[in-house]
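Asks: Chains as they are written, first to last, in numbering that gives the first Met the number 0: chain V, 0 to 195; chain X, 0 to 195.
In case anyone wonders, no lab produced these hints; they're calculated from the structure. Where hints are given, some of them may not hold.
Just so you know, same-sequence chains aren't split out, so a pair can sit in one copy or run between any two.
To be verified - Here are the simulated lysine-lysine pairs, DSSO-like style, with alpha carbons at most 27 Å apart: (1) K88 / K54; (2) K195 / K148; (3) K144 / K54; (4) K88 / K148; (5) K88 / K195; (6) K195 / K145; (7) K195 / K12; (8) K21 / K124; (9) K148 / K175; (10) K12 / K173; (11) K144 / K124; (12) K64 / K175; (13) K128 / K145; (14) K26 / K144; (15) K26 / K54; (16) K145 / K26; (17) K173 / K128; (18) K175 / K144; (19) K124 / K173; (20) K88 / K175; (21) K175 / K11; (22) K144 / K18; (23) K11 / K26; (24) K195 / K21; (25) K175 / K128; (26) K148 / K12; (27) K145 / K175; (28) K18 / K148.
One-letter residues, chain by chain:
There are 2 protein chains.
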Amino acid sequence: MPAIKTQRHSSKKEVIISKAAKLFREKSFSGTSMRDLAEAVGVEAASLYNHIQSKAEILQVICFKVANIFMEHLERIEVNQQSSIEKIKDILRFHIQHMINNFEEVYVADREWRHLNEPYLSNFKVQRKNYRQRIAAIIENGIQKKELKSIDAPTAVLMMLHAISGIESWHRSKQKISAEQLEENMIVILVEGLEK
Amino acid sequence: MPAIKTQRHSSKKEVIISKAAKLFREKSFSGTSMRDLAEAVGVEAASLYNHIQSKAEILQVICFKVANIFMEHLERIEVNQQSSIEKIKDILRFHIQHMINNFEEVYVADREWRHLNEPYLSNFKVQRKNYRQRIAAIIENGIQKKELKSIDAPTAVLMMLHAISGIESWHRSKQKISAEQLEENMIVILVEGLEK
Chain V
0 MPAIKTQRHS
10 SKKEVIISKA
20 AKLFREKSFS
30 GTSMRDLAEA
40 VGVEAASLYN
50 HIQSKAEILQ
60 VICFKVANIF
70 MEHLERIEVN
80 QQSSIEKIKD
90 ILRFHIQHMI
100 NNFEEVYVAD
110 REWRHLNEPY
120 LSNFKVQRKN
130 YRQRIAAIIE
140 NGIQKKELKS
150 IDAPTAVLMM
160 LHAISGIESW
170 HRSKQKISAE
180 QLEENMIVIL
190 VEGLEK
Chain X
0 MPAIKTQRHS
10 SKKEVIISKA
20 AKLFREKSFS
30 GTSMRDLAEA
40 VGVEAASLYN
50 HIQSKAEILQ
60 VICFKVANIF
70 MEHLERIEVN
80 QQSSIEKIKD
90 ILRFHIQHMI
100 NNFEEVYVAD
110 REWRHLNEPY
120 LSNFKVQRKN
130 YRQRIAAIIE
140 NGIQKKELKS
150 IDAPTAVLMM
160 LHAISGIESW
170 HRSKQKISAE
180 QLEENMIVIL
190 VEGLEK
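Produce the entire structure from the sequences given, and follow the hints as far as they go.
Replies: This is the structure we're talking about:
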């Protein structure tokens, strides 16, 4: 039976998680079987269970790993001394870069988290809400300091995060513009607006 | 056996389509059975087939009905004499209002169209691409006339349409702001930007 192929610095479990993220993104969590995953990894289904307990565990690992990445970044932004507008730009750039470079896992954490089991589901929901509220608080602060227009902060958060999820279409398309151009364009449109 | 209840001015088929849109949105197209639909309509599954041929037909009706609504609007906008910025605002407001008031059908057409059968699938894909290209052309025109910033037009279209799909979260939330406030905030953020 073939062994699970690993790249330097990545464990077998990491290889499984990475292949699973790709499958969950393409076929959804519900539409992916352990057999599909075993095939993608290139081993028998039984040998997957030496490394992970279940499909549910894989989704947990993906969602909480992605949550950690964004939460740690937000915590650094919250305590730094930048202006609100610089903080918002940093958060946007971080999201854009992760949607570009870590697409499969970020996409799955964003779209498939509803399939988590308890207690992970409730916990993830609370973290997600908390994360958005903390970005809204940065925007509120920018409005008070007259750096930002007087807009509804939760609406701005919702729009920014959804606009960035549009990078999904960029991945699917022929990518006529580079990742760097995509990032710069998105920052201009969201922060400065379309109007000249 | 109970008859399908209709409201004034709506046919039985319209009632079925409307209930189906709600179910497809909540449970996805794949996750909804004709039995679920019959239950939601309040009739036996067999009697649905007096009005529609299949689940596939319902998805076709929803997708092409929504496509007609947006395409007809775009055609009116293309030929009117407004500035590019006014045209873009009109398109955004139209999308926002339909995501608010015609949520179930617009959501299903946007998210579940990949489940269409051929020849509808290819046809819908082409229309979708064409629709986005024509909005991009309006933006390009605005850039040439110096009404809009020199941004990548397809990226702007992708971001605007995805940002508006964020209204899904507004529907799920406790709706702390009204539909009118939501629309005004979205227009300000997308057209004028966050920065003061």
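Asks: Since the copies are identical, ignore which copy is meant and state whether K11 and K26 lie within 27 Å (CA to CA) inside a copy, between copies, both or neither.
Replies: Answer is within: at 22 Å inside a copy they meet the 27 Å cutoff, but 34 Å across does not.
Asks: My question is about K145 and K26: at a cut-off of 27 Å on alpha-carbon distance, are they close within one copy, between copies, both, or neither?
Replies: neither (45 Å within a copy, 43 Å between copies)
Asks: Since the copies are identical, ignore which copy is meant and state whether K144 and K54 lie within 27 Å (CA to CA) inside a copy, between copies, both or neither.
Replies: neither (47 Å within a copy, 54 Å between copies)
Asks: From the Cα coordinates, with 27 Å as the cut-off, is the pair K21 and K124 best called within, between, both, or neither?
Replies: both (23 Å within a copy, 23 Å between copies)
Asks: Between copies, within a copy, both or neither: which fits K148 and K175 at Cα up to 27 Å?
Replies: Classified as between: cross-chain Cα gap 19 Å, same-chain 32 Å, threshold 27 Å.
Asks: I want to check one pair: K128 and K145. Are their C-alpha atoms no more than 27 Å apart within a copy, between two copies, both, or neither?
Replies: within (26 Å within a copy, 40 Å between copies)
Asks: Evaluate K88 and K54 at a C-alpha cut-off of 27 Å and name the case that applies: within, between, both or neither.
Replies: neither (36 Å within a copy, 45 Å between copies)
Asks: Using 27 Å as the alpha-carbon threshold, which applies to K195 and K21: within, between, both, or neither?
Replies: Answer is neither: 40 Å inside a copy and 40 Å across each miss the 27 Å cutoff.
Asks: Treating 27 Å as the Cα threshold, decide for K18 and K148: within, between, both or neither.
Replies: neither (43 Å within a copy, 40 Å between copies)
Asks: Go through the copies and call it for K144 and K124: within, between, both or neither, with a Cα cutoff of 27 Å.
Replies: neither (31 Å within a copy, 45 Å between copies)
Asks: Should K195 paired with K148 be assigned to within, between, both, or neither, using CA atoms and 27 Å as the limit?
Replies: both (16 Å within a copy, 5 Å between copies)
Asks: Given identical chains, is K195 near K145, meaning Cα to Cα at most 27 Å, within a copy, between copies, both, or neither?
Replies: both (21 Å within a copy, 7 Å between copies)
Going through the hint list in order, the structure does not satisfy hints 1, 3, 7, 10, 11, 12, 14, 16, 21, 22, 24, 26 and 28.
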